[in-house]
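Q: Those protein sequences? They're chains A, B, C, D and E, same order as listed. Residue 1178 in the numbering used here sits at position 46 of the first sequence, and the numbers go up by one each step. Residue 1145 in the numbering used here sits at position 13 of the second sequence, and the numbers go up by one each step. Residue 1144 in the numbering used here sits at position 12 of the third sequence, and the numbers go up by one each step. Residue 1191 in the numbering used here sits at position 59 of the fourth sequence, and the numbers go up by one each step. Residue 1221 in the numbering used here sits at position 89 of the fifth sequence, and the numbers go up by one each step.
Derived from the structure by calculation, the hints contain no laboratory data. Any given hint could be a false lead.
Repeated chains share a single entry, so a pair holds when one copy, or any two copies, can fit it.
Claimed, not checked - Using 27 Å as the maximum straight-line C-alpha spacing, the simulated DSS-like pairs for lysine-lysine come out as follows:
#1 K1162 with K1197
#2 K1162 with K1134
#3 K1162 with K1140
#4 K1140 with K1197
#5 K1134 with K1197
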Amino acid sequence: MKIMQVEKTLVSTNRIAELGHRPLLVVREKVGGGRQVAVDAIGCIPGDWVICVGSSAAREAAGSKEFPSDLTIVGIIDHWQVDSPSPPAPLPPAGEGSGERPGGTEKGRA
Amino acid sequence: MKIMQVEKTLVSTNRIAELGHRPLLVVREKVGGGRQVAVDAIGCIPGDWVICVGSSAAREAAGSKEFPSDLTIVGIIDHWQVDSPSPPAPLPPAGEGSGERPGGTEKGRA
Amino acid sequence: MKIMQVEKTLVSTNRIAELGHRPLLVVREKVGGGRQVAVDAIGCIPGDWVICVGSSAAREAAGSKEFPSDLTIVGIIDHWQVDSPSPPAPLPPAGEGSGERPGGTEKGRA
Amino acid sequence: MKIMQVEKTLVSTNRIAELGHRPLLVVREKVGGGRQVAVDAIGCIPGDWVICVGSSAAREAAGSKEFPSDLTIVGIIDHWQVDSPSPPAPLPPAGEGSGERPGGTEKGRA
Amino acid sequence: MKIMQVEKTLVSTNRIAELGHRPLLVVREKVGGGRQVAVDAIGCIPGDWVICVGSSAAREAAGSKEFPSDLTIVGIIDHWQVDSPSPPAPLPPAGEGSGERPGGTEKGRA
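This is chain A alone, in the form it adopts within the complex:
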């Protein structure tokens, strides 16, 4: 399964009937990564780090073997520490650059 972050809800008025009313969410594996669409089987909000199942298991996880999903959110991760995409510079100049750590944020949910 993939670890992805929920970005927002996706609105698609014109879609096949088999998708029903399941919410579709835009998710991405990391900041700046490619965006995909996942079916929400949990009830997520933007910012959540979630577990997404793909392949044929995504269908059953979305509710039934006939559901046309290839990416379904099956769990919300309690705490997730993002990998920093670029490591901090070895010797930052003293006196500045105190903030702005790239990546390295923690996402929790009660």
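Given the coordinates of chain A, work out where chains B, C, D and E should sit on it, guided by the hints.
A: Then chains B, C, D and E, alone, in the frame of chain A:
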């Protein structure tokens, strides 16, 4: 599911009977990205941003469990904001460079 | 489905019985791209641009649900315009470089 | 199947019922590689190099055809020699650089 | 299907019962490429260039629909010419560099 843009119809006179008369569309994830072929289960036109389902779910989404598709269009996205491939420069010279945002176009459909 | 070009036939004398006598073809997505093996369900010749279906749909497309294929050729594309891998230089020196367009070949089949 | 290393257990309180109480582990293909989540069908500990099966086979390997997994650990590798991501420099300066081989660690399990 | 080369046998004492006694082989698509694990349904030896089937077809190819494989060797390629990863320099200095062609080895099997 993947977010892709419809480019054009693909003509394949010589094909297996199982494909029937379902339209085949050339789609791509982003401008300059690799092109793939998707079965249209909705009725799209070139330029549409669509949701494409892959894996085994693509078969059922195309109409039946026996349909030989591994990528099927299951919905048209109402509004889609393309990621800009290269971020804007941090400090553009004042007084010029007002236009020309790379990417950042919006695609709607009534 | 993927758009691939047929390169040649692959000979594998020592193979599992389930593959039967279906021809196996070496295909690639683009010139210089990685080569894969596809089961031919159409009757292709080297140079053809074809539609290859993967995932579980490749089995049924190859003839039966039990056929062990994960990539099956399901159609020959009537006309295909290859993407040029590198765009032409913006300002070529006048008077030379008239030919040699990279890529940009068209493949037809009566 | 993929060769991956177990990093840690993943806690997801809010998840679909079908996942049951099977442990979910964070795994990665190499140091610095992207992290994924696998269902543990063996009983692994952090640091183990394991065989992970994906696709539809991950469901059955996790216990039943209905289990919503697309990545399941099916075996622990007895001994695994990690590829060194960057080859050693051809001529290191004599007298220093004795340690710090990138990669190249061996992982065994009684 | 993928074209891969057999590297060696993989020993995994601690594995799920469903894998049975089928040999597991370490395979890679090219020299220096990432290593994966395939179930051997043919009887290969290190150095063989083989056809590996993935997706759900890998299960049936390994012997039964319940076999937990996502990569199964289904055939040995009679003759395989490796792509050279880097093309030869256009004009090598005369008098040296006679040998050492990168890649370009042929693998046959009686």
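Q: If a hint holds in the structure, say so; if it does not, say that too.
A: Hints and how they fare:
1. K1162 with K1197: Neither: 29 Å inside a copy, 31 Å across copies.
2. K1162 with K1134: Both ways: K1162 and K1134 sit 11 Å apart in one copy and 16 Å across, limit 27 Å.
3. K1162 with K1140: Cα proximity of K1162 and K1140: in one copy and across copies (14 Å, 19 Å).
4. K1140 with K1197: This pair counts as within: shortest intra-copy Cα distance 26 Å, inter-copy 31 Å.
5. K1134 with K1197: So K1134 and K1197 pass the 27 Å test inside a copy (21 Å) and across (20 Å) alike.
Hint compliance for this structure: hint 1 is the single one not met.
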